[in-house]
Each structure stands twice: as structure tokens, then as C-alpha cells.
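A.B. asks: Now for the letters of each chain:
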Amino acid sequence: MPWRYALVRLVASVLTLAGVAVLVFVVLRLLPGDEITSTFGTETGVLTDRQIESLRSYYGVDQPAYQQFFSWLGSVVTGNLGFSVRSGTSVASQIRDALPVTVELALLSILVGVVIGVPLGVLSGARAGTRRDATIQVFGLLGLGVPNFVIGTFAVTLFASWFDYFPNARGYAAPWEDPWLNVQQMVFPAITLGLALSGTIMRTTRSAFLETSTQPFVRTARGKGISARRVRYVHILRNASIPIATITGIQFGYLLGGTVIVEQIFAMPGLGRLVLDGIGKREYAVVQSTILVISGLFVMVNLLVDLLYARLDPRIRYK
Amino acid sequence: MAKRAHWLTRVVALMAALTLFVSACGDDADDQAADDTSAPVEQPDDSSDAAADDPGDSAAESDDAAEDADDSGDDSDDMEADEAPPAPTGVIVVGRAADIDVLDPHRATAFQSVQALELVYDTLLSLGADLSVGPGLAESWEFSGDGRTLTMHLRDGVQFHSGDSFDSGDAAASLNRILDEETGAVTRANIASIASVDTPDASTVVLNLSQADAPILASLADLNAAMMSADAIAAGTVDTAPDGTGPFIWGEWQQGESVTLTANVDHWRGAPQVGGIEIRVLPDEASLLAAVDVGEVNVAVITDPLVAVQAGGDVEVLRTPALAYHALMMNSNRGPLADQSVRHAISCAIDRQEVIDSAALGEGAVTGPITIPAYQSPPDGLPCGGQQDAAEARRLLEAAGQGAGFELNVIVPMFYASAVDEAQVVQAQLGEVGIELDLEVLETDVYVERWLAADFDAAVALNSGKIDPHQMYVRYWTSDGNLNAIASYSSDTLDELMAAGRVETDPAARVSIYAAFSAALQEASPWVWIYNGFEYRMLNGVENFTPMPTGSLQFLREASLVE
Chain A
284 MPWRYALVRL VASVLTLAGV AVLVFVVLRL LPGDEITSTF GTETGVLTDR QIESLRSYYG
344 VDQPAYQQFF SWLGSVVTGN LGFSVRSGTS VASQIRDALP VTVELALLSI LVGVVIGVPL
404 GVLSGARAGT RRDATIQVFG LLGLGVPNFV IGTFAVTLFA SWFDYFPNAR GYAAPWEDPW
464 LNVQQMVFPA ITLGLALSGT IMRTTRSAFL ETSTQPFVRT ARGKGISARR VRYVHILRNA
524 SIPIATITGI QFGYLLGGTV IVEQIFAMPG LGRLVLDGIG KREYAVVQST ILVISGLFVM
584 VNLLVDLLYA RLDPRIRYK
Chain B
-8 MAKRAHWLTR VVALMAALTL FVSACGDDAD DQAADDTSAP VEQPDDSSDA AADDPGDSAA
52 ESDDAAEDAD DSGDDSDDME ADEAPPAPTG VIVVGRAADI DVLDPHRATA FQSVQALELV
112 YDTLLSLGAD LSVGPGLAES WEFSGDGRTL TMHLRDGVQF HSGDSFDSGD AAASLNRILD
172 EETGAVTRAN IASIASVDTP DASTVVLNLS QADAPILASL ADLNAAMMSA DAIAAGTVDT
232 APDGTGPFIW GEWQQGESVT LTANVDHWRG APQVGGIEIR VLPDEASLLA AVDVGEVNVA
292 VITDPLVAVQ AGGDVEVLRT PALAYHALMM NSNRGPLADQ SVRHAISCAI DRQEVIDSAA
352 LGEGAVTGPI TIPAYQSPPD GLPCGGQQDA AEARRLLEAA GQGAGFELNV IVPMFYASAV
412 DEAQVVQAQL GEVGIELDLE VLETDVYVER WLAADFDAAV ALNSGKIDPH QMYVRYWTSD
472 GNLNAIASYS SDTLDELMAA GRVETDPAAR VSIYAAFSAA LQEASPWVWI YNGFEYRMLN
532 GVENFTPMPT GSLQFLREAS LVE
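Just so you know, the sequences run in chain order A and B. Numbering-wise, the numbering used here comes out as the position in the first sequence, counting from 1, plus 283. Take the second sequence: its position 169, counted from the start at 1, is 160 in the numbering used here, and no numbers get skipped.
Treat the hints as calculated values from the structure; they're not laboratory data. Treat the hints loosely; a few may be bogus.
[What the hints assert, rightly or not] Each pair of labels, with its calculated beta carbon distance range:
#1 R598/A - V411/B: 22 to 28 Å
#2 L356/A - S131/B: 55 to 61 Å
#3 N535/B - I533/A: 53 to 59 Å
Glycine included, C-beta positions come from ideal geometry on N, C-alpha and C.
Whole structure, please, built from the sequences with the hints as guidance.
C.D. replies: What follows is the structure in C-alpha cells.
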């Protein structure tokens, strides 16, 4: 009965999120400084004690920590993600703006990663130990090893100085505002992230492929006279797909919060930057709520991947 | 089985289809790109509609346009073109790495916030490009004979963007808001000599001072003393809805993306030359430079010299020596640093030019304490004439009984690009004379907290300058200065000179007072002043923009797009 399984997973997810909420809250409070020092910097030193006291209440950091936690948690439970005092907007509206940027970027990056990584993994796994395998492995290592700020900055500088082309400089355009500009703005960041992903996906595909290809059913299939290509892409890849789906799901979850460097380079107002700015400015509500949302999505993606196993491998049953 | 085998393929295909769909939809919408979506077109009725949409776009391709644009004809007479003002059109795109953080000008300290709000608010007095204090919302002002009363005569007919007219009541409300400790206003200490504010009539404000205070004029020319409407203060909207009298009207702030401003065609200085300004956030400075290069950004604020030196192509680079200075602050309360000759030795052991060359690629100049052009401290007044003299340094250490050397804990901030490099160069140089530096590289807030608590032997710092030496140093080098505990040094001489400079109103006399102050400070050497760098403004497609040593962008009010 999958419902029972789903319920157990749901409860586990809620517990995970609660853990994340507490952890983030504690870590944030352990960081030195608060919204006052982040706003005033060294000028904090010229403020009188009374000025500081009044600013503490303005920024809502005059309450004891546990009280801040429960008042935040209480409002989150009722669907209010908090309020950013300095900008006069709700955290929910900030997340609403940033989430689609990151989700679109993450999906496209995964697409690039899968489209490049899976075929390469199969090609290299099918001829393990050959020169082709070695070449592809080197590519994989490069994808993993070259940091994306190098690829990103290189792409920006190159295209700007050679072709006078830098669509991201025009200010972020949402797909529903200007779809064509949006696509142009997404291509380079997605390739930058996708290249790194393709390395991981390639290596996972290769090892899963190698492992699967030693199984007896592969020999049987070959013995039945099925073409090598069909054996490779249908029989082996299909049976090797679980680790690939797992790694892709994990990478997607990671991208929800992990695209920040690329968001910086390509000036994309996504979730990563929202969190980073929030930490820099010590906007506790922004950071806490955004990380909670990211974690929620991560948990959800993992759950979906787990449920997909049953589709990928009919032998798997959830109880 | 064969049918299900396509699961992955199907997902991939779906994504591909989606992408294609999205990109296909876009073809026709191509032309109304980001440049003008935010371009506010200003009202005035002129018949120049045809030109209205162009400047924003042409700025993007200005490299070609710039050559044939024989522009010198139109722009010089803009100030007196009052009767038939040409409808200002086009949007100047300003790019910078950081987003603004607060909207309340009395609380804004981050450069990006100050420089945006300066375009929206006016102050009672204003600064010229040479940092001289001139009229602002006050047309004229005079001190009483004893310097204890400052009477200011306000400009007539000035309106807030909301439509309220500006009068002495607003001025008094703004000043009182700053003085009120509940506000948390950052310039309160600078104008604390105001005992009370009188408003004998709608266009006169009288500041009754507790003591003569010449540098208060400079403080009144600072954004942190912005004039707000008394109604907005009463309504409590000043931290969410900026409403000033300045040359640009606050539009929209899209967090992390942009701020849009529209021209205030009724501004008392005359209408700006463009329809508006968009301040766009591009967090990575290398990308920002690329954005200027392709012409999508017209004015970029670059802070990292390593990025600035890479500018080329169509980018015009304006370098203005900055008021902000790089220094090694020492804690004179600690161990060997309490000894003046040890501090001299450290100052002598440092090769300032080498610091500039290796940490900032030569982008800067050696400076003494005061970086304000009119009061500039000569660098040869520094210990050892500002030159490295390791032998003298060793001799001084020997004489102070520190010949065996010692160790210092140094905090290093991460908030500006060259800090760590500077720290490492200084570390190597001091190592030569037996002083070991233990560098602690700290995240901004951690650094600030340690700094405020004076919890360091020495601190690598980039300190912002002020437009008046009194404002700049009274907080550090007078025994009751509010940052004196951090500066950890004071003397009767410095106290007396600061007090003398405060009451002196004659500019020439002030220059000699602060020269003496600077000399006394360098003699005591509580800090090692190293250099000041440049404020970089990268231009593409903009003319008549005047940069300032403060970094201010206020002269965007006179700037225009290249046709």
C-alpha cells in the first residue's frame, strides 16, 4: 500500500524541515553582528546606546532569541513567511520573484547536464579502457574540476568583447515578460552549470552502465541477436537508470540553493542570491524562510525520485 | 517493457519542447527589450514624440553613434533653457555590484544607498564638484557674530515629489528627526551642537547652537541630513516611500535587480537632461565591466582596481582620487604599540608604494591622514618621509627595546577587494624587521564587531573620508570622540587643534589649523596611513557627467545620453 509509505515519508519530511528550521535559526544567531551592524557597519560606533536600542526594536531583534524563533515559526505555520523591514516587502513576495528564476535555471541546467552526460557515459562505458573512454573521462574530470565562476566569467568576457553580446546586462527578464530575452539570458548560465553537472552524470552513468552490462540478461539479449546499439540504450541504460535518476535528483535539489555563483556572474535574481544577500544583511526572516522553502523543495524532489524508482524498476514495491 | 523504457527520454523531450516553445513565443516581442520597459517617459508636451523611444536603445549601440554625434552644440546651455525646456527623454543606466539596503536617508550609510538617495533628496546646503559647500535648499545662510546662531534662508517654491511644498517647518522636522535618538540617525553626532531649531517664518530656519560649529555646514550638505516632508515624517512612511525634492523622483525598487527613478522636471536647478535613471545591480564586477563594454550600462561604479584596469574598447574610464583611505590601524593600548617609536618603526618599515603596486596594481597614491583636496596632508610628512627605511625602523625598535621583534594580531576585512593582498604585503615588509603579523581574515560583520570592540592589535582598513577634516577625524582623535576608544590615542594638542578648527570660520585659517593637526597626528603615528585609491566610473554613451571624490553620482542631474 503506497499510501502508508507516502505518509511515513511525509512525516519524515516534516521532521527534516523542522530540523532545518532550528539549525538555520541557531547558526544565524551564532553569527556575529545583526541587522544594525550590517546596515551601519563601523558607523555603528557613533550611535548612542539609545539610538541602538531603538534600532533594535525597529529591526525586531530586541526580543529574546527563543521568542523570535517561535514568533517566526508561528507565522510560517500560518503561511506568513515574514517581513523584510529594510525593503518594506514580505519575504513571500521576494521568494515568489526569485523562485521561478532558480527553478528555470536548475531545470535547464539539468537538461544540459543529462543531454551531455548520459550519452557520454554510455559511450565511455561501452568501450571501457579504450582511448575514447579516456578522452571522455578527461572531459568529465574537467567538468567536475573547473569551477563554474571560471567558465561563467570566461563566457561573459569573451562574448561581450568579441561579439558585443551580453543579454544578462539588460536586467533580468522573466519568461512571461520577454520570453526571447529570457531564453538568451538563461542559455549561458545553464550551460555553465550544465557542464559541471554533465561530468557527474557522465561518471555515474558510466559506472552504472559498466555494472549492468556484466549481468546475464545482457548476454542473453546479445545472444538473441539484438543490435549492440539497442542493447546499449534500451536494455542496459534502462536497468542502469536508477543511480542516474538519483544523482540527477540530488543535483537538482542542490541547484535550488547552489546556483548562487552563476546568479552573481549573470546577474540573475534567484534564490541563491536572496539567501546570500539575506545573510550579508542579517535579515533573519529572509534567510530562515528562504532556506526553509529550498529545503522543502529538496525534500519534495527526493520524494519524487524515490517514487519514480517504482516506475523505473517494476520490481520495486513500496510498503 | 520497451514502452516504459522511454521514461528518461520523455522527460528530456518534454524539457526540450518547453524550451523551444518558450523561445518560439519570443520572436515578435524581441524589440521591446529591457532598456525601455522601465523607461519612464516624461510628460512635457513638446512634439518630440518621435525621439522619445530612441535614446535608450541607441545607448546600447552607442559605439558607432558616438563618432558621428557632433554633440557639443546642445549641451552647454541647458541651465538657462528655462522657458522652453526640451522634454528630457531616455534613461541612463547605472550599473553597480551591490543593491541598495535602506530607503531612509537618515540611516543610509552604504555607498549604494547613499548614492541612489542623493538623487532623490536635497539637503539644505550642497557640495560642488570640488567639495566646496554651496547653496542647496537654503539659498543663503549666515552665522551670528559669536557663531552660536546659524540663520538659513530657504528657497521659495520648492515642492516635494508628492506635491507638498517645502518650507521651514519641513526643515525643522527633518533636523529634529535626526536629533531624536529614537530615529537612529547616523549623522546625529555631527549636528548635535544644534540645541534648538526656530522657524520665524516659512522661509527662515534658525539653528541655535550650543557652541560655535563651522563644520556643521559640511554636515548639512550630506545626504544623512536630507530634507524630508514633515507630513511624511509624521506618517512614518520615510523608510518605505522616499519623497524628496531632488532632481529625480523615486520610482520602483525591485530588490536585487534595479531601482528606477524618473526626472523631476520641476527641480529648482532645472530639469535633468534625461527622462530617468535606472540603477541596475550586476553583482559581479567583471560582468559589470562587460555590461558597460557592450553599452547596456552607461555608467558603472567599479570598486575593484583589478577589474578597473581591464577596461578597454568603448569604455571611458574616469578615475577620481578617493577620499577613502587605506590604513593599518594600530591599537596604542596594546603591548609594544603603546610606544610611539615602535609605531614610527612600523610606519618606516612599510613600503607604501609597493603596497599600492602589488595589491592594487599601482592604482593609488601614498597619502597622509587628510585626503580632502583642500586640506591634503603631504605624504612626506609621514614618518621617514613616507618612504621605506628598514634600517631606521630597526634602529627605532632597538632603541625601544624591541629589537628582538614581536607578534601582532591583525584583523583583515573581506569587504573590499584588495584588503587581503594589502595585509600580505605589509606582513612581508614587517617580517623584514622582525615583526610577525598574525592575519585574521574576517567576514564583514565579524570584522565590524571586533573593530567596534577594539579587539585587535592592528586592523587593515579602508575608511571612508568626509568632506571636512573635522567630520572626518573628530570621532577618532579627540578624547571625547565617540570612536576614540577604538582609535586608542588622544592628546591635548590634537584636542586643542580640533576645537580650534571647529570654531574657526575663515577658510584659510582652517587650512593652517588642520595642517598643524595633520602634522601632530603623523608625529604621534597612531595609525599607518598608506594610500588612497580611485573612485572608478566607467562610462559608455553618457556625457557631461562629473565624478566626485566622495563617489557621489549627484551630477547625473546634469548628464545626458550621447545622441
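A.B. asks: Does each hint hold? Answer for all of them.
C.D. replies: Evaluation of the provided hints:
1. R598/A - V411/B: 22 to 28 Å: violated, 56 Å
2. L356/A - S131/B: 55 to 61 Å: holds, 58 Å
3. N535/B - I533/A: 53 to 59 Å: holds, 55 Å
Comparing the model with each earlier hint shows a violation of hint 1 alone; every other hint is respected.
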